[in-house]
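Chemist: One letter stands for each residue in the lines below.
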Amino acid sequence: MHRVAFSKADTAKFISHLDLMRTFQRSFLRAGISIKHTEGFNPHAFVSIPLPLSVGFSSACEVLECQVLNLPLEEVPARLNAALPAGITVHRCYEGVRPVKELCYVNYIVTMEYEAGAPFGAESAIRDLLARECLVMEKHSKKAKSGKVEVDLIPLIHRATVEERRDTIALDLILRAQNPGLNPELVVEAIRTHCPDAAPDFVSFHRRAVLDENLQNWE
Amino acid sequence: MNRTLEHILPRVQKPARYTGGEYNAVVKDRRGVDVRYALCFPDTYEIGMSNLGMRILYGVMNEMEGVWCERVFAPWLDMEEEMRREGIPLYGLESGDAIADFDFIGFSLGYELAYTNVLNLLDLAGLPLRSEERYGLSPLVVAGGTCAYNPEPLAPFVDLFVLGEGEEVSQEVIHLYRKAREECWSKEEFLSAAADIPGIYVPSLYQASWREDGTLAAMTPLEGAPAVVTKRIVQDFDHSYFPVRTIVPSTEIVHDRVMLELFRGCIRGCRFCQAGYAYRPVRSRDPEILLRQGIESCRDSGYQEMTLSSLSTSDYRPLERLCDGLLEWCEPNKVSLSLPSLRADNFSLGLMERVQHVRKSGLTFAPEAGTQRLRDAINKNVTEEGLLRSCRTAFSGGWSSVKLYFMLGLPTETDEDVLGIADLAEKVYQAWKETTPNPKRGVTITVSTAWFVPKPHTAFQWEGQISMEEYLRRVKLLREHMKGRSIKYNWHDSQTSFLEAVFARGDRRVAQVIEQAWRQGAKFDAWSEGFDFDRWMAAFQTCGVDPAFYANRTRDKDEVFPWDVTSVGVSRQFLWRERERAYEAVITPDCRAGCSGCGANQLCPGGKCDA
Ligand code: SF4
Ligand code: SF4
Numbered sequence: 001m002h003r004v005a006f007s008k009a010d011t012a013k014f015i016s017h018l019d020l021m022r023t024f025q026r027s028f029l030r031a032g033i034s035i036k037h038t039e040g041f042n043p044h045a046f047v048s049i050p051l052p053l054s055v056g057f058s059s060a061c062e063v064l065e066c067q068v069l070n071l072p073l074e075e076v077p078a079r080l081n082a083a084l085p086a087g088i089t090v091h092r093c094y095e096g097v098r099p100v101k102e103l104c105y106v107n108y109i110v111t112m113e114y115e116a117g118a119p120f121g122a123e124s125a126i127r128d129l130l131a132r133e134c135l136v137m138e139k140h141s142k143k144a145k146s147g148k149v150e151v152d153l154i155p156l157i158h159r160a161t162v163e164e165r166r167d168t169i170a171l172d173l174i175l176r177a178q179n180p181g182l183n184p185e186l187v188v189e190a191i192r193t194h195c196p197d198a199a200p201d202f203v204s205f206h207r208r209a210v211l212d213e214n215l216q217n218w219e
Numbered sequence: 220m221n222r223t224l225e226h227i228l229p230r231v232q233k234p235a236r237y238t239g240g241e242y243n244a245v246v247k248d249r250r251g252v253d254v255r256y257a258l259c260f261p262d263t264y265e266i267g268m269s270n271l272g273m274r275i276l277y278g279v280m281n282e283m284e285g286v287w288c289e290r291v292f293a294p295w296l297d298m299e300e301e302m303r304r305e306g307i308p309l310y311g312l313e314s315g316d317a318i319a320d321f322d323f324i325g326f327s328l329g330y331e332l333a334y335t336n337v338l339n340l341l342d343l344a345g346l347p348l349r350s351e352e353r354y355g356l357s358p359l360v361v362a363g364g365t366c367a368y369n370p371e372p373l374a375p376f377v378d379l380f381v382l383g384e385g386e387e388v389s390q391e392v393i394h395l396y397r398k399a400r401e402e403c404w405s406k407e408e409f410l411s412a413a414a415d416i417p418g419i420y421v422p423s424l425y426q427a428s429w430r431e432d433g434t435l436a437a438m439t440p441l442e443g444a445p446a447v448v449t450k451r452i453v454q455d456f457d458h459s460y461f462p463v464r465t466i467v468p469s470t471e472i473v474h475d476r477v478m479l480e481l482f483r484g485c486i487r488g489c490r491f492c493q494a495g496y497a498y499r500p501v502r503s504r505d506p507e508i509l510l511r512q513g514i515e516s517c518r519d520s521g522y523q524e525m526t527l528s529s530l531s532t533s534d535y536r537p538l539e540r541l542c543d544g545l546l547e548w549c550e551p552n553k554v555s556l557s558l559p560s561l562r563a564d565n566f567s568l569g570l571m572e573r574v575q576h577v578r579k580s581g582l583t584f585a586p587e588a589g590t591q592r593l594r595d596a597i598n599k600n601v602t603e604e605g606l607l608r609s610c611r612t613a614f615s616g617g618w619s620s621v622k623l624y625f626m627l628g629l630p631t632e633t634d635e636d637v638l639g640i641a642d643l644a645e646k647v648y649q650a651w652k653e654t655t656p657n658p659k660r661g662v663t664i665t666v667s668t669a670w671f672v673p674k675p676h677t678a679f680q681w682e683g684q685i686s687m688e689e690y691l692r693r694v695k696l697l698r699e700h701m702k703g704r705s706i707k708y709n710w711h712d713s714q715t716s717f718l719e720a721v722f723a724r725g726d727r728r729v730a731q732v733i734e735q736a737w738r739q740g741a742k743f744d745a746w747s748e749g750f751d752f753d754r755w756m757a758a759f760q761t762c763g764v765d766p767a768f769y770a771n772r773t774r775d776k777d778e779v780f781p782w783d784v785t786s787v788g789v790s791r792q793f794l795w796r797e798r799e800r801a802y803e804a805v806i807t808p809d810c811r812a813g814c815s816g817c818g819a820n821q822l823c824p825g826g827k828c829d830a
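Residue numbers (the numbering used here), protein chains in the order written: chain R, 1 to 219; chain E, 220 to 830.
Same shape as in the complex, but just chain E (with noise of 0.2 Å):
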């Protein structure tokens, strides 16, 4: 280990986050390789170590013949002070070299108020922030993730966004890059080429223009680059890479246990939900498959504990058998298996009590909204009978606590579906009053609301947030109807999800913001302890950028989106259809129910999807 930084080890929080060093961490010969790698992750290890996407990405390509992926989180503020004042630039955790001699630096963006993170990492590395101004070949900053379908507001920063699912075309990037290195391409050279790989998005080879009002004119593409490009995915989701061997930390993470993939996607086109558009189409996997991949891995890692990790787990055909198969294994080996995200309407208590290893902790819904009406307006198929009677079985089953999530601030929200949030809760109540076996013990329901943030890709795409103010009388509203001490309400901080709704759908004039505040010292916005609303008011005026024509402006039918340069497969007339069915309240079947055409069967070989 470096010296330098084991002399500030010792004098800062958790330094097992930052030596490297942990079971199963890829260790390569230096002479053996030619492609250095950094997956870098913009915040906590805790947080970045508990993301399966980058799991998966560092197997793919550290089984890549000459490639070296390391990893790369965000230090803490005591850390980055220390290596600040001792100038120790970012290194890898694997090798402890400094990242800005490596090839290519690669980020996955999970939520937008990492960004700062992005730009505050490329500095702790010793690059320059801007793309423009790293003259060179390597390295190469790649930015890919969920945040990466509007990549515009990191667009001066990055050098090529991946859209959608990299674990082919990362490998694809990297053949070209190698090529590049041969013949002595320019940077610009291997750019333009990287363009022609689908699903490689170089902002540099676009240029943005505006109207007076402020609203894109068009996004022009320069040097033959594709006018849009569709996302990537995985077609044969049954043989694709698991990480198996994966890498065990020798300290607690979030989520510190074995995580399966049982498919991506989701059937239930949700309304609000940028998930569930951009992961279409669903591919599911084999549960034999799954089965040798949980017993492997369970056996691999010495976790005692697994999760089946899928966006609507319970939308999962063999659930039962894939469920039966691993109880069958995990029970005699000690191993708890759980299942995260069940939905309330057909949440199945048998499946429950067998699988929830700690019993009767706590029951997870998310109707999302307070009324039938607007729960039907964002598709959210969960009606208040189906919830009830959930709740019924599993209070008299003895459970004894239930959390609901809703959103405030949902298009067409009154606040009759407000005050309907409390009626829920109220009805929740009653519901465990009827039904529990010890009354004695009492029972905790606990409301939680966020704020609305529309996203790119959804219906709900040129929605305009409601006001800062209207948000908190709403809060205000709901809490003063939500009553009884067995109801705790909890609401989200109205200040992050502001934030948030401008870099959803900002562009690159946003990008400029990022840099100012970054410069005022921002980073880690997603904590209370990085977050200052003040500062990025100030950065905002210093830009001359409103942040309200991002966040709260309802769009034109037809404006010109900063993302419309992207694709999830979905088409834009599809989702301006669920948009107007949304005013009028008419839901749309999941697609297993039928298929509604949104487009993203073209991804399919075939043109079906397995649905």
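Bound-form chain R, shown alone (with noise of 0.2 Å):
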């Protein structure tokens, strides 16, 4: 197995789960790469993801498994990157040896701006939200009856730092990648709820690194 790491931003933030894989798919057959096909009625080119990004999150570390067939691996990103649309840039082809598996942790930067300054208190309020014994919270799920669970976010967020710049605080979180795994949308809605004083006007998402279980980057 192959694996792509590249980065999503600007623009490319834009592009969904199911429309980047297309992008890919026809990205390597622009490039003049081939990879291996599925099997079946209808072959297309198999490319997976394995830690979805969020429709308007940035990335610096997004990773796609593919099996190239006819380059070597090192001529990939260049080929790759004249073939992508704005915004989407390949770093690294490599041979993946780590199993998904042992993908633990996303490191996210979650900025939350305040058109009028951030409020005074802001700051703590969240640090104490996040230090809290348990934080329960809905969250929608295909799978419940009522479309909805409950989920305690204390245990899935690993590191929390909160800090506050001029007009946004900058929240720098560690947390769980799957089974379970966290969004961060969550934490941010966790603010606006339990501290609506602190709700920010606008976030952005930005995943920053996909660690493994001690906090060493997974590639």
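No wet-lab data here; the hints were simulated from the structure. Keep in mind that a hint or two might mislead.
[Claimed, not checked] Computed footprint of chain E on chain R; a stretch qualifies when at least three of its residues, placed anywhere within it, have a C-beta under 8 Å from a C-beta of chain E:
#: 1; stretch: 6-12
#: 2; stretch: 19-30
#: 3; stretch: 77-90
Where is the CB? At the ideal position from N, CA and C, for every residue including glycine.
Dock the two chains into a complex; use the hints.
Modeler: This is the structure in structure tokens:
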């Protein structure tokens, strides 16, 4: 299995997960890179993105899995970059050795913006909130009958740093990646619910790193 | 990306439509360009990006030195709301710059129900709607496309219309504009000079006057503008621009594939069909060139689907040879090829079998009318025998679904013709029963009827559209006679077809109704989310305009039509003769069988059509 490490920024942030897979499939063809196809009636290039990114998030550490058939892996990034839409940049293509299940944590930078400057006391309120023993939020679930389940965020937050700047508060979060994972949007929702005074006007999400159990980069 | 934009995009549906940045989107250095062109499609991104004409013009203009052409689509309702709230003016997708500062704002008009979107886009750009209220030389508001053949309903809003194929004339307009800017012409001076370019219609240079009975008295040209503006065509279709390198959207669009254009025009001459007359004469592209374009387009785009897009694809003479050549490349490269519009009468299953990747899905035929008499009247060269033969071949080959398209309200239609549709559907069902190898699987026969809309520049431009009550009566009649669980009947919504009939043959008085309806919130009229019939009726009333006058009235032979200022190359005498033949149910042979003297040959060098 080969892995393509890429970042997603600017206009490309708004390409959805499914559209991104299609975009990569076409980009491989444009770049003259053959990759392994699925079997079956309607064979198509096999690509997979183990940890889908929400629409609107930027990321420095995306990974796509595929099987390159016709090229030395070092040649892949340059070729792909010439074929990809703006905002997607491939950094590396390598033989993937570590299984996806070892991908334990994701590091997100959440930037909360306040048009009138960060409200007084917001930073400490947020810090207190994230330091609670337990913090239960409702989230959407396709599996549950009611369409909703309750989750306690605290065990899923490995580390949270809160830092106030002039008109933003930045959260540096290390969250569980999978089984179950935590989407940082839920953390912001908890802030809106429990610290309404600290509710931001706008939030941006950036995925900075994917980490293993020992908080080392997973690749 | 603009920060405000970045803030609103997470809140709207399908934000990738509003960002630009797609593969092959043309980004130029602002300092290196002196003409900025906003190419606007007054519908959603998904529809506009599927339009081959848009892609061609985009490519042609961006190949010009110093010209930067960008795309603009109608933001969907949620996005518009956000843009208005945050004060984001309409912007070009490539640069993000407000198009109000551009030199040209060009609209592609494909269907009448997008007219309110044209006004809405101008308003979103922050521009006055009416040409006379935009004083400066720029931005110039230009419009082209099929609807421009009756430009009058948009006359007050548009500075100049481009009639016919825009590849060459758009460049001429840009050249003239550069000259005008250099020499500091006023907008009026520019428009008056532009009117001398063949194919350019400048509405402000024509004065409309009406008779007491409400019909047009004359369209009087001013300042030496031509009495009739004839459309432009690209004569050398082999060497005309084709967008081999074209934008590949990062989000799904309606026609998400390579589109090859085999030829322009159509040899058939169905009497109701505006495209059939308006795109005359036929000009084909060499199969070798098409083969090259097809392969290069797939390679460049990474698309794995290709379609042959022309009016009546099976009339392309070297179709077999082209398909053979394409398939030879497509199959090993896992690209599927599809033929969208094969005719029922020369449908070849062998070809279909080979090209259709997703085999046996659906077959589509458009007999348009239920009886041979009426099909002869509209000159639709489809026979029952031919249709059934094609169906039998297809069914015995395992196909199990057929779609049949018809129109209700065609001139001379009687109840017998209406019931003929049910008969034909029943015969198709019987044909299936007799020939299918797997009767257990069942069959789906879908019959769809649309309400006939008489269009300008057709043999039926004089006809009244039947009343809404009558249309609904015929729908009901047909519904009651459509038997059997295997036959599904869909009919087209009547209210939009009525409005379409008003706009299609409207004059400048209809323009104020469009403006009024837009002021009351009309937009996206082709979408159920946007369309509100009562709002339209109220607008007609406010403006004192009777929609039935435009939609339902049968015109006299010599009535002055609003679109008489435009010519598609087909003479009015020819169309009248075709109308008379319709009433006698006499067919006219297609252009390949023999020239009927429509006049379009005058557009070709040497006055000879290559049918
Ligand atoms: S075949 Fe008839 S309906 Fe089709 S494009 Fe030609 S003229 Fe129009
Ligand atoms: S001039 Fe004759 S051949 Fe040419 S389009 Fe008209 S009818 Fe057809």
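Chemist: Determine for every hint whether it applies to the structure shown.
Modeler: Right, here's what the structure says about each hint:
1. 6-12: Three-residue rule met by the stretch 6-12 of chain R, so holds; n is 3.
2. 19-30: holds (count 10)
3. 77-90: Since 5 is at least three, the answer is holds.
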